[in-house]
Amino acid sequence: MLRLKTLSSSCLATLLTTCLGAASVSAQSPPENLWPVQTFQSTDIQTPFFNVTKKGQTEPGYIFFSPRDKARKIGHPAIFDDNGQVVWKGPEDASTYGFKPQLLDGKPVMVSWFGFANETGFGLGSMSIFDSSYEKIHEVILPGGDNEYYKTIYEPKTFPSYMDNHEGQITDQGTIVVTVVNVTEADLRAVGGPEKGWVVDGGFLEMDIKTNDVLFRWSAAEHLDEIPVTFSLKPLEGAGTSSKDPWNYIHVNSVYKSGDSYIVSSRYSCNIFLISKEGKIVWRLNGIDGGDFELGPGTNFCYQHEVRVEEHTVDKITLTTHNNDNADFTPDDQTKPTTGLVLDLDLNAKKVSLNRMVWNSQQPVVSRAQGSYQVLGNNHVLMGQGAIPVIEEYDANGAIVMDARFGNDGVTNCYRAYRSAWVGTPKTKPSVKACGADPNGAVVFYVSWNGATDIDSWKIFSVSDSGEVKEIVNFPKNGFETRMELQKAGSNLGLLSQQLQHLQLQLLRLYEDLRWQDGSEEMKMKAKMLFFLGLPSPYTTDYVPRILLSPNFLSSDPPRLQRTPRWLRARVVFAYFQLAVKVPPSSPLIWLHPLEVQAGQRAARSEAASLFHSDQF
Numbered sequence: 036m037l038r039l040k041t042l043s044s045s046c047l048a049t050l051l052t053t054c055l056g057a058a059s060v061s062a063q064s065p066p067e068n069l070w071p072v073q074t075f076q077s078t079d080i081q082t083p084f085f086n087v088t089k090k091g092q093t094e095p096g097y098i099f100f101s102p103r104d105k106a107r108k109i110g111h112p113a114i115f116d117d118n119g120q121v122v123w124k125g126p127e128d129a130s131t132y133g134f135k136p137q138l139l140d141g142k143p144v145m146v147s148w149f150g151f152a153n154e155t156g157f158g159l160g161s162m163s164i165f166d167s168s169y170e171k172i173h174e175v176i177l178p179g180g181d182n183e184y185y186k187t188i189y190e191p192k193t194f195p196s197y198m199d200n201h202e203g204q205i206t207d208q209g210t211i212v213v214t215v216v217n218v219t220e221a222d223l224r225a226v227g228g229p230e231k232g233w234v235v236d237g238g239f240l241e242m243d244i245k246t247n248d249v250l251f252r253w254s255a256a257e258h259l260d261e262i263p264v265t266f267s268l269k270p271l272e273g274a275g276t277s278s279k280d281p282w283n284y285i286h287v288n289s290v291y292k293s294g295d296s297y298i299v300s301s302r303y304s305c306n307i308f309l310i311s312k313e314g315k316i317v318w319r320l321n322g323i324d325g326g327d328f329e330l331g332p333g334t335n336f337c338y339q340h341e342v343r344v345e346e347h348t349v350d351k352i353t354l355t356t357h358n359n360d361n362a363d364f365t366p367d368d369q370t371k372p373t374t375g376l377v378l379d380l381d382l383n384a385k386k387v388s389l390n391r392m393v394w395n396s397q398q399p400v401v402s403r404a405q406g407s408y409q410v411l412g413n414n415h416v417l418m419g420q421g422a423i424p425v426i427e428e429y430d431a432n433g434a435i436v437m438d439a440r441f442g443n444d445g446v447t448n449c450y451r452a453y454r455s456a457w458v459g460t461p462k463t464k465p466s467v468k469a470c471g472a473d474p475n476g477a478v479v480f481y482v483s484w485n486g487a488t489d490i491d492s493w494k495i496f497s498v499s500d501s502g503e504v505k506e507i508v509n510f511p512k513n514g515f516e517t518r519m520e521l522q523k524a525g526s527n528l529g530l531l532s533q534q535l536q537h538l539q540l541q542l543l544r545l546y547e548d549l550r551w552q553d554g555s556e557e558m559k560m561k562a563k564m565l566f567f568l569g570l571p572s573p574y575t576t577d578y579v580p581r582i583l584l585s586p587n588f589l590s591s592d593p594p595r596l597q598r599t600p601r602w603l604r605a606r607v608v609f610a611y612f613q614l615a616v617k618v619p620p621s622s623p624l625i626w627l628h629p630l631e632v633q634a635g636q637r638a639a640r641s642e643a644a645s646l647f648h649s650d651q652f
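Take the sequence shown: its letters are residues 36 to 652, numbered as in this note's numbering.
Rather than coming from a laboratory, the hints here were simulated on the basis of the structure.
Treat the hints with care, since some could be wrong.
Said to hold, decoys possible - Only pairs whose alpha carbons sit at most 30 angstroms apart, straight line, appear in this in silico DSS-like list of lysine-lysine:
#, residue 1, residue 2
1, LYS108, LYS464
2, LYS192, LYS231
3, LYS231, LYS279
4, LYS505, LYS494
5, LYS105, LYS89
6, LYS464, LYS142
7, LYS124, LYS468
8, LYS124, LYS142
9, LYS512, LYS89
10, LYS231, LYS186
11, LYS171, LYS464
12, LYS124, LYS512
13, LYS386, LYS371
14, LYS245, LYS142
15, LYS512, LYS468
All figures in this text were calculated on a predicted structure; none of them were measured in a lab.
Start from the sequences, fold in the hints, and give me the full structure.
Shown next, in the form of structure tokens:
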């Protein structure tokens, strides 16, 4: 159902202010050659400039990702469209990972990890789940305490939650699969280390979302006989000698529950494991030598991210993965293009064949960390390039139909990216800003609503003194922030002015009846009655101050209002203003010039504030 939000004439005067800049969206040029950010008139939201190049037809849906700017030390989940327009910006956090739309109990939700991420790529945090109104409905946490499985290099420092940042898959059973790490002892003599060495164990949990109960736990370090430390390709380089400097030998970076089993990706050993519901290793697929399988042409992979199951039967399993083929320790002169792979595994013959490969042959991407591969409709593919701040969409023929950049290499990154349909209905209110008349007499409105996807247009209404509501104009929604201009010479503002004049007459009659007297108690009492009792329906004490501050009303300076002393007019109008928007008495009121309420008239402002603002009615 379409929701059309309205801006009545009662909003006009309150919103009128001075606007700098003609554009509703700007890409600010930052210092030190940082990536530019988008700013807006109606809200203080800032997002990275999302530079989209479309080269063909993309699949429907929005782009979900969580850019992290290391230079600015900020990160946040975000939704963008194909035009580079932000749809929703989530809460800022220096570390946010894995933002993804999923289903929980058949309803669309969004999952994102927030917490502390260290320089080695691991995290200690929790999983937040948001509904379609952007309200947090669940936070899955993993307390540490005396639990032997979640030791860190920061002992004895503790954390609210010990969940790693690499995975957050909601299963068909309504549970969530997450990764965990643990600093533990291991014999490292086989790789040139000490007998009593230290490693970062990689594992995962399946947890109940609503109770935080752990339903299943698996640890790689508990299977060193089947997954020895010699499988690791990461150089030891002196690590592993203490619990403060453990060797990150396996690096579990994705887990996917398929049926009763789990597909586990080990980045630094270039392995993919199938783990049974009993925790046993059923088979191992290695991207270099095959492991338990024979590799066919084009099926090699290494340092992969986000392994997912496309199809799983008794005889066959089809896997997708973001094949980085590079790591943070691979030499610069031995880089390989990063690809997206679809692999068919014959579980009986133990053979692997290439189903599909996509990559940017014109401008090859070399991503040393992070990344995602998502299968879309019509055999399209969306690839988030991880450490390279680029998102690409490929069509069924492997041609790039969209690429989007949102940062500079080495500064901005994004763990994963996805495309999905989404209907956002925020519980917040729209953000509106109105700018005073320009030299041509136009009044400009800027309006946005963070996260709202079901808005087609914005309407502005006027309200007469009899309560009649009339539509002044209807503006089509244009991107995140819509600019609406009302021309003074046209019928739009003419109608609005006419409605304001009707209300002026009502107010002036009340003014005359009060027979203002300088500072008398009678005046104060009647003024209170005006504000709270004597106001004709449908106008409320919230509505009148906004109209009183209308430029049309102030500039006309009606004769009956002129008969009141100048200082008293200042106090009365400011008191109206106080009640309407609750500004502190020290706020300058330069723009109330027609009534000569200047910033320097502190006495008038102070007395006006105390006149109607101190008592409770």
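Hints, one by one, checked against the model:
1. LYS108 to LYS464: Holds, at about 29 angstroms.
2. LYS192 to LYS231: With a Cα-Cα distance of about 23 angstroms, the restraint between LYS192 and LYS231 holds, given a limit of 30 angstroms.
3. LYS231 to LYS279: 14 angstroms, holds
4. LYS505 to LYS494: 10 angstroms, holds
5. LYS105 to LYS89: Measuring from Cα to Cα gives roughly 27 angstroms; hence the hint holds.
6. LYS464 to LYS142: 23 angstroms, holds
7. LYS124 to LYS468: At roughly 19 angstroms apart (the allowed maximum being 30 angstroms), LYS468 and LYS124 satisfy the hint.
8. LYS124 to LYS142: Holds, at roughly 21 angstroms.
9. LYS512 to LYS89: 22 angstroms, holds
10. LYS231 to LYS186: 17 angstroms, holds
11. LYS171 to LYS464: 17 angstroms, holds
12. LYS124 to LYS512: 18 angstroms, holds
13. LYS386 to LYS371: Holds, because 24 angstroms separates the two Cα atoms, which is no more than 30 angstroms.
14. LYS245 to LYS142: 15 angstroms, holds
15. LYS512 to LYS468: 15 angstroms, holds
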